[in-house]
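Using the sequences provided together with the hints, build the complete structure.
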Amino acid sequence: MRGKTMKKTGKTTLGFLCASLLTFSSASAETVLRYAGTLPVTHHLSEAQKTFAALVAEKTNGELKIEVYPAGQLYKAHDIPTAVVTGAVDIGFNLTNVWTRDAVSDINDIPFLYRDANHAEQAWAPDGQLFDLYTKTLAARQMKPLGVMFFGSLFDISNNDKPLVKPEDFAGMKIRAYGALSSEAVRALGGSPTTMDPGEMYLGLQNGTIDGAITGLTSIDTRKLWEAGSHATIAQAAFGVFAVNMNLAKFNGLTENQQTALMESAREVFQTTADESARQDEQSLAFLQENIQVVVLDDEQKAAWAKILAPVVEGWQSRASDDEAAVIEWIRGL
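Per mature numbering (1 follows the signal peptide of the UniProt record, and there is no 0), the sequence shown runs over residues -29 to -1, 1 to 305.
I should point out that these hints are in silico values taken from the structure, not numbers from a laboratory.
Quick caveat: nothing in here was measured; it's all calculated off a predicted structure.
We put the beta carbon where it would ideally sit given N, CA and C, even for glycine.
A portion of the hints provided could be inaccurate.
[As the list claims (entries may be wrong)] Below are the PhoX-like pairs computed for lysine-lysine, each with C-alpha atoms no more than 20 Å apart in a straight line:
(1) Lys21 to Lys47
(2) Lys137 to Lys273
(3) Lys36 to Lys221
(4) Lys107 to Lys221
(5) Lys195 to Lys133
(6) Lys137 to Lys278
[Unchecked claim] What follows is a set of in silico ranges between Cβ atoms, one per label pair, in the way DEER data are often shown:
(7) Arg72 to Gly304: 24 to 34 Å
(8) Arg290 to Asn32: 40 to 50 Å
(9) Met234 to Gln272: 33 to 43 Å
(10) Glu198 to Asp246: 23 to 33 Å
(11) Asn178 to Gln260: 19 to 29 Å
(12) Gly58 to Glu261: 41 to 51 Å
(13) Asn32 to Lys145: 51 to 61 Å
(14) Ala59 to Thr231: 22 to 32 Å
(15) Leu174 to Gln264: 15 to 25 Å
(16) Thr226 to Glu261: 46 to 56 Å
(17) Ala274 to Gly304: 15 to 25 Å
(18) Asn178 to Lys36: 34 to 44 Å
This is the structure in structure tokens:
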């Protein structure tokens, strides 16, 4: 009788161990990736973060779970690249110029390179020369570009003094810039550039730390800069493109199916944000025109700005590699 009891107990123990191992295996099958962003929760790119996470979960049957942290909940804009490289966060998005000092990262800030939003979309097609070069460049920096998302019109200016139309209007004005080329552009226009995190623009305008801020149409709207600045100049000298970059080692450690799911999901989000950014720009422009004084540069005014900003373009070309220069010619020929 005792032997039968021990045998039964042994089977029970074995069954418990098997069940525990199965439970552990099931729990460990899910991989969690943290995805950091900086734009307001209502911004269409913050919504795109959620869309991306949902697509990845669907394509991997829940194997990959993306935890989304918008609105600078984890890191400020300029801290995200370091966080991704060191593995403090797995994925982040930011304007391409924030990620590296390579000339290719500044391409979107070359004044009036893109004729319009559609031209920028063509240039950043996932199978195009620009994204290919950007991917190779970021790999050397231990990052993996999954894709890009479209912010929309950029190099638009919110200010609290007067309309900014002619270069002489910028004289003596301290203006927030968002990168190297935008800073050079402010200097060329006669202003004084200052670096400031996007989340600090509102208070900067409100307390007079800055006279104006270069940002985008949707940012002037969703960050409520129109409350602090009674004027806006819509120049569309650039179009904001946010790179979605992942820690390279983390990406390489995933299965091939998981990697494919990430890239496919990013491709889908690329198209939805391209479409949505145009709609959001139109909506924000209409809103701003109802609430503050807005100047939208016409073709003649843009040409005058482009002439003044020519040295900025020449400065970029002087430090560009042969591959980067070739990509510019490819973009212009699209």
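Unsatisfied constraints (hint numbers, rising) | Per hint list: zero violations.
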